[in-house]
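**Q** Chains as they are written, first to last, in UniProt numbering: chain F, 1 to 209; chain C, 1 to 209.
Any given hint could turn out to be false.
[What the hints assert, rightly or not] Computed beta-carbon distance windows for the label pairs:
id : chain 1 : residue 1 : chain 2 : residue 2 : range
1  : C       : A141      : F       : R53       : 31 to 39 Å
2  : F       : A43       : C       : A29       : 21 to 29 Å
3  : F       : R9        : C       : R53       : 37 to 45 Å
4  : F       : S137      : C       : R70       : 41 to 49 Å
5  : F       : G8        : C       : A76       : 57 to 65 Å
6  : C       : G44       : F       : Q51       : 31 to 39 Å
What the hints contain is simulated information worked out from the structure, not anything from laboratory work.
C-beta: ideal position from N, C-alpha, C; glycine also.
Protein chains: 2
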Amino acid sequence: MPKIVDHGRRRRELAEALWRVVARAGPSAVSIRTVATEAGWSAGALRHYFQTRDELLEFAIELTEERITRRVQERARVGGDEPVPERAAAFVEELLPLDERRRAEFRIWQAAGEDFRQAHDEGDRRRWATQRELYRSVALALYDDCSSDTARREQWVATWAEYLHVFCDGLATQLMFAPARMPPGEARDLLRRFLADVGRRAGAAAPER
Amino acid sequence: MPKIVDHGRRRRELAEALWRVVARAGPSAVSIRTVATEAGWSAGALRHYFQTRDELLEFAIELTEERITRRVQERARVGGDEPVPERAAAFVEELLPLDERRRAEFRIWQAAGEDFRQAHDEGDRRRWATQRELYRSVALALYDDCSSDTARREQWVATWAEYLHVFCDGLATQLMFAPARMPPGEARDLLRRFLADVGRRAGAAAPER
Chain F
1 MPKIVDHGRR RRELAEALWR VVARAGPSAV SIRTVATEAG WSAGALRHYF QTRDELLEFA
61 IELTEERITR RVQERARVGG DEPVPERAAA FVEELLPLDE RRRAEFRIWQ AAGEDFRQAH
121 DEGDRRRWAT QRELYRSVAL ALYDDCSSDT ARREQWVATW AEYLHVFCDG LATQLMFAPA
181 RMPPGEARDL LRRFLADVGR RAGAAAPER
Chain C
1 MPKIVDHGRR RRELAEALWR VVARAGPSAV SIRTVATEAG WSAGALRHYF QTRDELLEFA
61 IELTEERITR RVQERARVGG DEPVPERAAA FVEELLPLDE RRRAEFRIWQ AAGEDFRQAH
121 DEGDRRRWAT QRELYRSVAL ALYDDCSSDT ARREQWVATW AEYLHVFCDG LATQLMFAPA
181 RMPPGEARDL LRRFLADVGR RAGAAAPER
């Protein structure tokens with residue numbers, strides 16, 4: 001009888017080893033060899049799952065995306081009766097490098113450079129669309145003018161989803177690269193003010209009545 | 001008679017060699033050795049100016065800042081009679097990685113990691129303040145409500161300078177890391193729309209008359 005291997009479990013083991021390597025030494029330390037050593041596997045055993053460093057990185061990015069999606073979904077399930085900008089901020093914050101876990105996620109995404117992304121364009125496109133969809137939901141929640149028509153609302157939501165996407169990538173960049181200028185507390189505060197201003201803008205965009 | 005050395009000129013020579021190394025192989029290739037070779041100097045001669053790779057990087061970042069400042073000042077001198085959001089966009093674009101030259105500048109800034117910035121905190125703080133000042137000027141230009149009082153204008157300008165700073169860092173990040181999703185033409189267009197929306201917001205923020 002062939003030996004039964006739980007491939008899902010082995011991949012998770014690898015994922016955890018990969019994560020420990022990144023947390024300890026940064027994504028530049030990721031290689032078939034370092035991850036195999038960390039997992040207590042041989043390089044050959046690891047190659048059964050991933051042939052190249054690129055495939056390992058692609059796996060790490062997919063894991064990051066899964067983790068973020070799960071956090072956002074959990075947040076949506078919990079609900080809450082906070083004001084809209086506060087709830088919107090809580091969603092967006094799942095994507096921002098506000099603590100060590102999310103900083104590690106950001107570093108992994110960043111480690112996959114331009115060449116890598118061109119080579120994995122399909123995954124890249126899907127991740128971009130997933131993020132844009134989150135920002136669309138947030139913009140929709142912020143649009144509080146029930147009297148306006150659907151076309152007007154759609155246009156507003158599309159525009160501000162795009163702005164929010166850019167704004168949050170900017171906050172993430174400042175959190176990572178200018179931590180002395182933009183500490184987590186200030187980023188949270190700035191995000192809330194921006195979302196509240198966006199919401200007021202939605203009111204200002206209402207048609208003449 | 002001692003040999004007369006034009007130190008300013010020699011530093012500029014080094015700067016150009018440094019830039020060629022970055023353009024060809026990225027900032028990770030920057031070292032005393034590679035830059036000396038590129039300049040046709042000995043490592044010892046280069047060490048007369050810079051002791052460590054960190055000092056070379058700090059020099060490269062200062063050069064970047066000088067280049068950007070010069071471009072912004074030239075733009076201010078030329079003036080022009082385009083609409084305000086268009087002029088504001090032209091200023092901001094000097095900071096965005098919209099072409100190879102500005103992508104190289106962005107890469108240099110990025111190569112100087114967290115540890116580096118902590119070690120050079122004074123330069124880091126000064127550069128941040130310089131950028132914020134530019135965004136303040138842009139926000140002030142966008143504020144078109146002459147009827148409002150100074151305190152109100154100041155508050156609005158401070159807020160939107162902060163938002164613009166974050167927004168433009170986000171655009172830069174997407175231009176660098178998601179070039180297939182955010183090509184230069186789209187970034188320019190998005191920036192103009194955002195600036196125009198910010199300007200309209202200035203009108204909406206006007207006090208009751």
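**Q** Now, for every hint given, state plainly whether the structure supports it.
**A** Hint check:
Between C:A141 and F:R53 the CB atoms are about 48 Å apart, so this pair departs from the stated range of 31 to 39 Å. The hint said 21 to 29 Å for the Cβ distance between F:A43 and C:A29, and at roughly 28 Å that hint holds. Separated by about 44 Å at the C-beta atoms, F:R9 and C:R53 satisfy the suggested range of 37 to 45 Å. The beta-carbon spacing between F:S137 and C:R70, approximately 43 Å, falls within the hinted interval of 41 to 49 Å.
Look at F:G8 against C:A76: about 60 Å separates their beta carbons, and that is inside 57 to 65 Å. One distance hint, 31 to 39 Å for the beta-carbon pair C:G44 and F:Q51, is violated here, with the actual separation near 45 Å.
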